[in-house]
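Peer 1: Listed below, chain by chain, are the residues.
Protein chains: 2
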Amino acid sequence: MADNHKRVVLVGAGNVATHLGMALQKAGYEIVQVFSRTEHSASALAGQLGTEYTVSMETLRPDADLYIVSVKDAVLQSLLPSIVKGREEALFVHTAGSMPMSVWKGIAIRYGVLYPMQTFSKQRPVDFGTVSFFVEANEPDDLETLKQMASSLGAKVYEASSEQRMSLHVAAVFACNFANHMYALSAKLLDKYGMPFEAMLPLIEETADKVHLLSPREAQTGPAIRRDGNVMDKHLDLLADEPILQDLYKKISKSIQEI
Amino acid sequence: MADNHKRVVLVGAGNVATHLGMALQKAGYEIVQVFSRTEHSASALAGQLGTEYTVSMETLRPDADLYIVSVKDAVLQSLLPSIVKGREEALFVHTAGSMPMSVWKGIAIRYGVLYPMQTFSKQRPVDFGTVSFFVEANEPDDLETLKQMASSLGAKVYEASSEQRMSLHVAAVFACNFANHMYALSAKLLDKYGMPFEAMLPLIEETADKVHLLSPREAQTGPAIRRDGNVMDKHLDLLADEPILQDLYKKISKSIQEI
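Those sequence lines, one after another, are chains A and B. Taking the working numbering, I'd label the letters of the first sequence as residues 1 to 259. Taking the working numbering, I'd label the letters of the second sequence as residues 1 to 259.
Among the hints, a few may not be true.
Stated by the list, open to error - Here are the simulated distance ranges between beta carbons:
1) A:E39 x B:L213: 42 to 52 Å
2) B:S102 x A:E159: 37 to 47 Å
3) B:P243 x A:D63: 47 to 57 Å
4) A:R226 x B:G28: 25 to 35 Å
5) B:D233 x A:E39: 45 to 55 Å
6) A:S151 x B:D209: 16 to 26 Å
7) A:E144 x B:E205: 24 to 34 Å
8) B:S151 x A:D247: 34 to 44 Å
9) A:E89 x B:D127: 51 to 61 Å
What the hints contain is simulated information worked out from the structure, not anything from laboratory work. This one's a predicted model, so the numbers in the text were calculated from it and none came from an experiment. C-beta: ideal position from N, C-alpha, C; glycine also.
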């Protein structure tokens, strides 16, 4: 089945397209073109992949088996008709956690979603062997193709409906983006008092490791869960000149006590 | 120097006392007694260490070189005079991040703080080789003793003033307790939509690993930092029946945009 979809066009040249494109090429897929409206991004990724690029929909290749669309959610919908037009035989997927599969409905015939749930930074290589993929397609054969594609990268593959994928995306914002922001606030405080952020790394690692064995609720420690009002008051005092941090401290502590 | 402080009494039998006591014993220190007002805790830890225990200050041993006090901040201050009385020659330390060293002033002659910054759960062994210790003492010799003690556990040791330690403690609440709560909220959402929390673990790991190479600010991803209002609105919709999560989503996103 995967053989039918070996020729791939990447629409978008951001972090997801870059890492996915590199990994697919390594797994034997042929990336035949990169599209981005930003010439710099398009040429950079095409260069890395040794393939061609375009900045215009007019010259988007019509002869690929699979079009993978990884663009900002805000522009995704408006782009879809021009991606599909004249290429109706192909399979079209987007990679957005928070976009329903139905955005393709009435536009493409064969379509789906290939959502790699990981945090991608351009500066950092991604080991797809540790990425969870969530796939969905309107045809069973194409669902199979997407599963095989993700598996060929060594990834864990799950089927997920659009609603489940949306909940995953929100859950990922909490577990990843918001957890990282907690690190950032921690770094800001340490910097203010002349302590190195490096000293915090063992704690960050242990906190992340712990939830492999205990549920996050079981793993919860700290003054809020102990209801140690004494300590919490001192912490709020220290944050007196940081109103945003102080407010977050109160709100998150309350949520810890309520969950 | 460490030789002078080989006989240790643990005052308190909670998570910190348990892990620290076990590690100190392994490193060659002699734990001569465990005190806890809760007989069950005292006997459990004394049993693990093969030493004696007491639940009464009256029978606290007078002949140790070092008394390590790991009790709840709320009871610490009231306990100190009876710990020191009749044992004025010894060195006294507490392990509380948010208690200044000055709580000992006027009570003990030789005193300090030995603060292991890690999240301790009774169910989970602690590798002290990955723990940052922050030490403080009123006498240079005793500071040296505490440094050697932490080093003998394989830990990284930093000197920190009481104010720095307090800021560390608050920073640790953000990086550890609050990050873990973000995992817990994520788990709650996944459970609600019938998805396994396990699928989130690679993302949690990668997020924690990333800040070894990038600063948390550089590592920040997600809709808030991209100012992707479309996605954020959808996420807030999904959280419509979860007012606490919805409020935290807004507040943390705002903080990400402001930092």
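Peer 1: Decide, hint by hint, whether the structure agrees.
Peer 2: Consistency of the hints with the structure:
| no. | hint | result |
| --- | --- | --- |
| 1 | A:E39 x B:L213: 42 to 52 Å | violated, 29 Å |
| 2 | B:S102 x A:E159: 37 to 47 Å | violated, 60 Å |
| 3 | B:P243 x A:D63: 47 to 57 Å | holds, 51 Å |
| 4 | A:R226 x B:G28: 25 to 35 Å | holds, 32 Å |
| 5 | B:D233 x A:E39: 45 to 55 Å | violated, 31 Å |
| 6 | A:S151 x B:D209: 16 to 26 Å | holds, 24 Å |
| 7 | A:E144 x B:E205: 24 to 34 Å | holds, 29 Å |
| 8 | B:S151 x A:D247: 34 to 44 Å | holds, 39 Å |
| 9 | A:E89 x B:D127: 51 to 61 Å | holds, 56 Å |
In the structure shown, a violation is registered for the earlier hints numbered 1, 2, 5, in ascending order.
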